[in-house]
Every structure is written in structure tokens, then in C-alpha cells.
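Protein chains: 2
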Amino acid sequence: MTALPQKRSIGAQTSVGVHPVLIVGCYDRAGRPNAMAVAWGGICSSKPPAVAVSVRPERYTHEGITAHKAFTVSVPSKRYAAEADLFGIASGRDMDKFATTNLTPVRSEKVDACYIGEFPLVLECRLIETVELGAHTQFVGEIVDVLVDEDCLTENGRPVLDRLQPFLYDAFGFGYYGIGDGVGTGFSSGRQFLPR
Amino acid sequence: MTALPQKRSIGAQTSVGVHPVLIVGCYDRAGRPNAMAVAWGGICSSKPPAVAVSVRPERYTHEGITAHKAFTVSVPSKRYAAEADLFGIASGRDMDKFATTNLTPVRSEKVDACYIGEFPLVLECRLIETVELGAHTQFVGEIVDVLVDEDCLTENGRPVLDRLQPFLYDAFGFGYYGIGDGVGTGFSSGRQFLPR
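Residue numbers (numbering that gives the first Met the number 0), protein chains in the order written: chain A, 0 to 195; chain B, 0 to 195.
In isolation and in its complexed conformation, chain A is listed as follows:
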């Protein structure tokens, strides 16, 4: 029997290691496109298909989502890491982030929000739940439709991660990282432990 690794308590820090980089898009109250970067979010339900994103009440995006009851989630590929970071640093109150980064706001055909035309994966969402958690509001959106760049799909219409090239955020070290090598297969790798 091997001894367990020694652990140290580091206090109530906020990281689970791997975080997605999501650009949450909406219109502001005047109908102008706005968007912000979020690392605290992800899929939260299969039926209804739903995604959750956490936004501080003081963010400009917060009032846009609240006003229009809709948002999009655009997932950037890694070549847009700097642009995505700008969407986290700056506020739509002070700056047109689309003009600054030379990215294109596109009106969703399904919900009252805009997405980023250059990013390969887009979730179009209708606000269905607002959970107040203290410093953050968690907006839960029903995923009405998903748009994917044609060149990121297989012939059968399945999105391919290696073509989408999303990247992740390390909340401990503040770095952005691409996707590494395969280390297993879901609902399969674990079967080696089951009786045959």
C-alpha cells in the first residue's frame, strides 16, 4: 500500500484547474452589440439543453442580458486568444470592443443577442434562470441552436475539437493553453475496470 500524496490547505481559492474561455454576447439597452469574456461557465443541463455563465452585476453585459432576456456564447479558437482577453479586460461602457479587435458582431436569427462572426462555435441562448450568488449572477440560458464553422465539421456534421481549436484558462497561473494530446475516451477508458 502506497502512502497518499501529502496535501496542503491553500484556503478557499476559485479554480478547478481547467476553465473554458467563453465570450458572452448581448445587446445593450440601446441595442448596441456588446460582449465579455467569461471563464466561469459551461453546460449545466441536457434537457432543456442549457449553459450557465457567471457575470458580476457591475458588468455592462449584466444589464444587456437582463434587458433582452437572451445571450450568446461564442467560443474562440486559440489564434484569437489576445482578442478574447481584451473582451475580459475592457468594458463595453467605455469601448466598442468589436471595433478595437476588428471582430464582427452578428445578429442571432434565433435570439435577441449578437455573437462573434469570426469564432467557430456559437451557442444561441434564451435566458431561463437567474441565480444570485453574491458577487456574481449566474445566468442560465436554454440553448436554442448551435452554429459551427463549416470547416470545423465532419462530413456527418459533427464538430471536431482539433479544428475548433478552443483554448482554456488556468485560474491559478492566469495562462491560456491549447488542447494537448488525447489521454482517453469517455464512457470507454474506464471499462477496463469492469468484469468481462
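It is possible that part of the hints are untrue.
Copies of one chain are not kept apart here, so a pair can be met inside one copy or by any two copies together.
Here are the simulated DSSO-like pairs of lysine-lysine, each with C-alpha atoms no more than 27 Å apart in a straight line [as the list claims (entries may be wrong)]:
#	residue 1	residue 2
1	K6	K68
2	K68	K46
3	K109	K68
4	K46	K6
5	K109	K6
6	K46	K109
To be clear, the hints were calculated from the coordinates, so they are not data collected in a lab.
Let chain A serve as the given structure and place chain B on it in line with the hints.
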């Protein structure tokens, strides 16, 4: 002006590209250790520091968290990808997943739940919110403390992603992947777009 990439609608699918692999630990009603793998979860608030995990009501873990009002999130390193997958495939109703994978349930000193002793990053959580979303219940836990393997910390006590070696789940293709190369730095890479 370059034309935007052509997009195709693929319907309401549930992926944001990058998903963490989280093992949610708890005790069952009889006080036996139990745990399950979750890809739908992540940090959702900074104050209180909180993490959300989505669990179907029919999962055995659901009744354990509800009964004890506590859970842990253990983040596996990539060499445990097969073990983590087993925690997603099998149910604690039918199997002692710890015995099957030869992993060790450890009682949290802070909350009424167990974690996986071999995994390098552990969040100890007190249940503060239960959000019913349809097919899934979202459990929100206040992060009471975080435990990290000593050999994954810098001299200053900061966790290092390259030592934790977490991995991610691709919900489109069902693959598990390690962390790739750095592609930027949070709150920094985007500054190139700002006036000097």
C-alpha cells in the same frame, strides 16, 4: 474586408468545447463513500467562493449530497483518466468504485463528504444552493477550503497547472485531452489592443 466563415446550424447541442473532468465526492445515506464524474460544472462565484456541479436526480450521488448538504470536487491528473472515466460509467448503487479502481476515499476535515486521496486538487464544499434545471440538478457549493498535493505547489504555495496535469473532456467527440502549449496570458495578452 474578409468574408466571415460560413456557419452551419447543428441544433441545440450541449458543448462549449472545453469541459473539466471533476469527481464529485459525498457520503451516501448510510455513510458509505461515493463519487461520480461530472463534466458539467465549474467555478460560478468569487464571493462566496463557489463551484457548481450538475447531477441528474436519478444518480446515487444526488441523494448523498442532498442528505449531507456537502460535497467535494476532486480534480484528477491525466494519468488517472481511466479511473475518472469509471466514476462516470458505474453507479455507487451497484459498485464500490473506490475498491474497483484502487483509489482511496478520505474524509474531509471541513465538510461532511469524502474526496479522492490520490487526486492532486480537492475543493471542500458546503451545499448553499440547489437549482432544479429539468434533467439535471445544479448543486452550488461554497468552497470552504482547497487541498493541493505538496509537489504541485510553488515555494510560495501557488498550484502549478503543469504539475497538477488536469485533463479535459470534449463533449462532441467524447475524448479526454491533456493541456497543450501556452497561447497567451490572462489580463495581459489583450493589452496590445489598448492605446499606450
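Here is how each hint holds up against the structure:
1. For the identical chains of this complex, K6 and K68 are inter-copy neighbours only, at 24 Å across copies versus 44 Å inside a copy, given an alpha-carbon limit of 27 Å.
2. Taking CA atoms no more than 27 Å apart as the test, K68 paired with K46 passes in both settings, with 19 Å inside one copy and 25 Å between copies.
3. In this assembly of identical chains, the alpha carbons of K109 and K68 lie at most 27 Å apart only when taken from the same copy (12 Å versus 39 Å across copies).
4. In this assembly of identical chains, the alpha carbons of K46 and K6 lie at most 27 Å apart only when taken from different copies (24 Å versus 38 Å within one copy).
5. Proximity of K109 to K6 under the C-alpha cut-off of 27 Å is restricted to the inter-copy arrangement: shortest distance 14 Å between copies versus 48 Å within a copy.
6. For a Cα distance limit of 27 Å, the shortest separation of K46 from K109 inside one copy, 18 Å, qualifies, whereas the shortest one across copies, 34 Å, does not.
Figure legend: structure checked against the earlier numbered hints; every hint is met.
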